[in-house]
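Protein chains in written order, with this note's numbering: chain A, 1 to 121; chain B, 1 to 180; chain C, 1 to 675.
No lab work stands behind these hints, which were simulated from the structure alone. Virtual Cβ for every residue (Gly too), placed ideally from N, Cα, C. Any given hint could turn out to be false.
Claimed, not checked - Rough simulated footprint, nothing fancy, chain A against chain C, three-plus residues with beta-carbon under 8 Å:
hint, region
1, 37 to 45
2, 160 to 166
To be verified - Residues of chain C clear of chain B, computed beta-carbon distances all greater than 12 Å:
hint, residue
3, Ala-186
4, Leu-188
5, Ser-320
6, Gln-355
7, Ile-552
Claimed, not checked - Below, a sample of chain C positions facing chain B; criterion: calculated Cβ distance under 7 Å:
hint, residue
8, Leu-308
9, Arg-401
10, Phe-578
11, Gly-579
12, Asn-624
13, Tyr-625
14, Val-628
15, Ala-634
16, Ile-636
17, Val-642
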Amino acid sequence: MQKRVMAVDDSKTMREMVVFALTEAGFLVESAEDGQKALSVLNTIQVDLVITDLNMPVMDGISLIRNLRADPKHRAVPILMLTTESDAEKKAEGRAAGATGWLVKPFNPEKLVELANRVCV
Amino acid sequence: MDAIDTVSANAVAKGGPDMLVRGALQFITFTIGAEEFGVDIMVVREIKGWTDTTTIPNAPAHVRGVVNLRGVIVPIFDLRARFGMGMTEPTRMHVVIIVSVEERTIGMLVDTVSDIISVAPAAIRPVPEMGLSIESNLLEGLATLDDRMVTLVSLDGLFGTPRDLIIPEDAAAPEVLQPT
Amino acid sequence: MASTDQFKNTYFEECGELIEALYAHLGDFAEGRSDSDTMHAVFRAVHSIKGGGGAFGFERLVQYAHAFETLLDILRSQGLAPSAETTALFVVSTDILADLVDAARGDRDLPAGFEDETAALLEKTAALFDRRGRNLPEPKEAGEPIAQERDYDIVFMPHPDLFKRANEPLLILRELKRLGEARIEADLGSLPDLSEIEPEQAYVGWHIALRTSVPLAVIDEIFDFVRDECELSIVDRSPPIAAHEETVAQLPAATIAVGSEGAKSEASPSRSIRVDVEKVDRVVNLVGELVINQAMLTQLSGSLPPDLCPGLVNGLETLSQHLRELQESVMAMRAQPVKSVFSRMPRLVRELAGQLGKEARLVVTGEATEIDKTVIEQLADPLTHLLRNALDHGIETPEEREAAGKSRQGTIHLSAGHRSGRIVIEISDDGRGINRAKVLAKAEARGLIAPCASLSDEEIDGLIFLPGFSTAENVSSISGRGVGMDVVKRNMQALGGRITVDSQFGAGSRFILSLPLTLAVLDGMVVAVGAETYIVPLTQIRESLRPVEGDIHPVIGQGDLLAIRGEYVPLLYLHRHFGVADAVTDPCRGTVVIVESEGEGRIGLAVDELLGQQQVVVKSLETNYGPVEGISGATILGNGRVALILDIGGLRKAAAPGRPAPAVLAGAGAPTSLQ
Chain A
1 MQKRVMAVDD SKTMREMVVF ALTEAGFLVE SAEDGQKALS VLNTIQVDLV ITDLNMPVMD
61 GISLIRNLRA DPKHRAVPIL MLTTESDAEK KAEGRAAGAT GWLVKPFNPE KLVELANRVC
121 V
Chain B
1 MDAIDTVSAN AVAKGGPDML VRGALQFITF TIGAEEFGVD IMVVREIKGW TDTTTIPNAP
61 AHVRGVVNLR GVIVPIFDLR ARFGMGMTEP TRMHVVIIVS VEERTIGMLV DTVSDIISVA
121 PAAIRPVPEM GLSIESNLLE GLATLDDRMV TLVSLDGLFG TPRDLIIPED AAAPEVLQPT
Chain C
1 MASTDQFKNT YFEECGELIE ALYAHLGDFA EGRSDSDTMH AVFRAVHSIK GGGGAFGFER
61 LVQYAHAFET LLDILRSQGL APSAETTALF VVSTDILADL VDAARGDRDL PAGFEDETAA
121 LLEKTAALFD RRGRNLPEPK EAGEPIAQER DYDIVFMPHP DLFKRANEPL LILRELKRLG
181 EARIEADLGS LPDLSEIEPE QAYVGWHIAL RTSVPLAVID EIFDFVRDEC ELSIVDRSPP
241 IAAHEETVAQ LPAATIAVGS EGAKSEASPS RSIRVDVEKV DRVVNLVGEL VINQAMLTQL
301 SGSLPPDLCP GLVNGLETLS QHLRELQESV MAMRAQPVKS VFSRMPRLVR ELAGQLGKEA
361 RLVVTGEATE IDKTVIEQLA DPLTHLLRNA LDHGIETPEE REAAGKSRQG TIHLSAGHRS
421 GRIVIEISDD GRGINRAKVL AKAEARGLIA PCASLSDEEI DGLIFLPGFS TAENVSSISG
481 RGVGMDVVKR NMQALGGRIT VDSQFGAGSR FILSLPLTLA VLDGMVVAVG AETYIVPLTQ
541 IRESLRPVEG DIHPVIGQGD LLAIRGEYVP LLYLHRHFGV ADAVTDPCRG TVVIVESEGE
601 GRIGLAVDEL LGQQQVVVKS LETNYGPVEG ISGATILGNG RVALILDIGG LRKAAAPGRP
661 APAVLAGAGA PTSLQ
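Using the sequences and the hints given, assemble the complete structure.
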């Protein structure tokens, strides 16, 4: 059965690239431009993986992760953060909030697919 | 709206390319009076019959006016007049060749369309500087086939935009917008 | 990574929006309008530009954006807003960022060191603010270049809370298996009694004997996500190379409170959708064709006996109303605020003023005025040139201004607005104005006017628009091309618009650009002149009448004037002006249409008769032919024939006294000059 992914990033370019790479690899991808919108969608559907940027308006990545982990429905969903190289603190915060893993931007589409497969049952 | 008349479609169809030579250029030939001319087939968009034009005020004599070509306004130029061979008195039997020049679509009024010919580049002779009644910059070259001579027209020369009128700074003339 | 190229367009589009937003936010800081979110928004914008830039390999852009982003991050994490100087630094930094984006978009290189000064300034400022020390990037592991197979003993003992982050050991083991030959044994040593098992805790560990040719770093990488939630050891058991032990790596422990960025209510949620311009254009064209169809139907129904089908006429009337509304809605779709093209101008003025050693400020009004999108894009070049002209030739140096009793700083006004059915854009400056004596002299020297010709002030001012008058300007670093006033005029005409100038020597100049409001459809009055039909834009018609002989007063050197209620209106005989044969020559046997164009004074057009009102679709005459004096475009009537649309402003100038009738244009396939 096709695995479902929620990709969250305020940059349209990033969203498009993630959606494209994962769709090519056989995933079914939803996308949202901030954590708040992502949560609304996730309230109605179940996904097998969430990939999220950390810097977004309205609700940023860290808050999204926290919200997801606090919700029994999403507690066990793997979450990958999109981080930048110099973002060690953010990454640690994300991890502390419960992120499963991370992918450094700019990312290689193949790497994205590899990591998605690594964390997604 | 007048239907599009492909008057010489038959002529074109039965003519066919003379001979397919490697690297040959193809031209559609047309007549003005007794003379035969050719235009690069790659720029020809369509061939239609003459329809009445709407006059453009104060335009040169060879500009017959504009027509509506499926919603686009296209100017029609009388090639006979442009070549200084007099004005055409167009009838429904006359032909308008619609061509693309740079980014414009324009129409050329001619007498008839005759043929599609294939000419090897080597067989095209350059236009002589003088001796022809038509200005040399309007022509691409002369092609000889069997017993005919076809004068190839230059669309750029006929309808291209002349170089911009930018006059280099004249050192003698003062820059007028500066204060005294 | 060829697949990412397809996203470049999206990226550059996004960059454009982000940079515009950046300037807006920085403007907010400058005016004290910012709030706690502004700094974050600024950071995110630069962050996104950097992120995308990295994906496409725009090294310089990324490096520079990184310096910019770092400072922004430091400030925002400390809850600081930028001071006036810092905001100014940010503005300049955004200028440079925009240039780098442009260079990337155009695939060219900016001169070496272009961004260095600003980048250094950003870094220095960052160092000043950064009290916590810089974040070091994580050290990368160098892979061991072993090609042959080696045996590894891997011990993977998850901590109880491994599942908290939704990590799944099964997936890790699966990945290990893919690297080579693996023998996996579970270690159940920590497994408690069934009754004591917490389902969300991890108890099982694994010993894996892996034979693989991949380097140790690759094996190690698989455990990246679970590193601090397990005991891990990977030991190379193959002789003779020394065994390499890897132990649990530590992440930096610091977690800094960045401030709650909880859900914020958006001021106004975005209620727009992105649509391809081509789709909108297609709809616009279709609506245009509908209008032509409807006109044709109306005309056909007009020739039916009135009682034959009364419902038909009503139906067509309703259709016409609906089409009008549809057309307005559709045109509104394509209309965008001029802001997008105006927003680049302050920077332009800043830089040019600096380069020219002038002090000037730009005051912009009416940015919300909406114009058709395609027109907006074409405005950039003319506006740029006019501003450049204002700064170069208009505004004086600070010293000259002081000497003239003016303020040191010159002011340039850029405004946009709607006026009598057209868009009017004005650029005015309080500089030196046009020196008419010099303009005359130059025009004579260039052979553009006859010596000793007598011209009105307005006509002298108009000379600057003649081709051949402007000299090839220095190639501008902004537009990258030489531009002259005549090109500006041609640009405007191609858009169906007009440019005029109004100047007072010593006080300043005002350039007025006027554009049609909607490109596609207008309400017109069809008039007959001989065998020709022309369209007069309805919005410019004041009245129409059949004059009596006594009202017409010929004036030497000024043509005929028509007296109307105490006023005198110049008459323009269209049959003469356009060279139409077989027309009504006596205005008292025909009709005079009084027209006016945006406050420029009225004229009377002498025609044969009025044929009726009609909504017409404006088609370009310029695209395939060229500009024609007195004509602003063409349309297709219900009978399929082309009718020309009159350019009232242009005709009004022609009716001005002293102006000779337009000369017949010689030669060429398209008119290139109106001389």
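Right, here's what the structure says about each hint:
1. Remark: the region 37 to 45 of chain C is confirmed as covered by chain A, as 5 of its residues place a Cβ nearer than 8 Å to a Cβ of that chain, reaching the required three.
2. A count of 4 residues in the region 160 to 166 of chain C with a Cβ less than 8 Å from any Cβ of chain A is obtained; the coverage claim is therefore met, three being the minimum.
3. For C:Ala-186, the condition that its CB be more than 12 Å from all CB atoms of chain B holds, with the nearest at approximately 73 Å.
4. Distance check for C:Leu-188 against chain B: the nearest CB is about 78 Å away, which clears 12 Å, and the non-interface claim stands.
5. With a minimum CB-CB distance of about 20 Å to chain B, C:Ser-320 clears the 12 Å threshold, and the non-interface call stands.
6. At roughly 17 Å, the least C-beta separation between C:Gln-355 and chain B is larger than 12 Å, which holds for a residue marked as non-interface.
7. At roughly 23 Å, the least C-beta separation between C:Ile-552 and chain B is larger than 12 Å, which holds for a residue marked as non-interface.
8. Evaluation of the C:Leu-308 hint against chain B yields a violated restraint, the C-beta minimum of about 25 Å exceeding 7 Å.
9. Using the Cβ-Cβ criterion of 7 Å, the hint placing C:Arg-401 at the interface with chain B is not satisfied: the shortest such distance is roughly 11 Å.
10. Taking 7 Å as the C-beta contact cut-off toward chain B, the hint placing C:Phe-578 at the interface holds, the least distance being around 3 Å.
11. Interface hint at C:Gly-579: satisfied, since its Cβ lies 6 Å from the closest Cβ of chain B, which is below the 7 Å cut-off.
12. Interface hint status for C:Asn-624: upheld, as the beta-carbon distance to the closest one in chain B is roughly 4 Å, under 7 Å.
13. Against a cut-off of 7 Å between C-beta atoms, the interface hint on C:Tyr-625 holds, since the closest Cβ of chain B lies about 4 Å away.
14. Nearest Cβ of chain B to the Cβ of C:Val-628: about 6 Å, under the 7 Å cut. The hint holds.
15. Nearest Cβ of chain B to the Cβ of C:Ala-634: about 5 Å, under the 7 Å cut. The hint holds.
16. Because the beta carbon of C:Ile-636 sits about 5 Å from the nearest beta carbon in chain B, less than 7 Å, this interface hint is met.
17. Nearest Cβ of chain B to the Cβ of C:Val-642: about 4 Å, under the 7 Å cut. The hint holds.
Hint compliance for this structure: hints 8, 9 are not met, and every other hint is.
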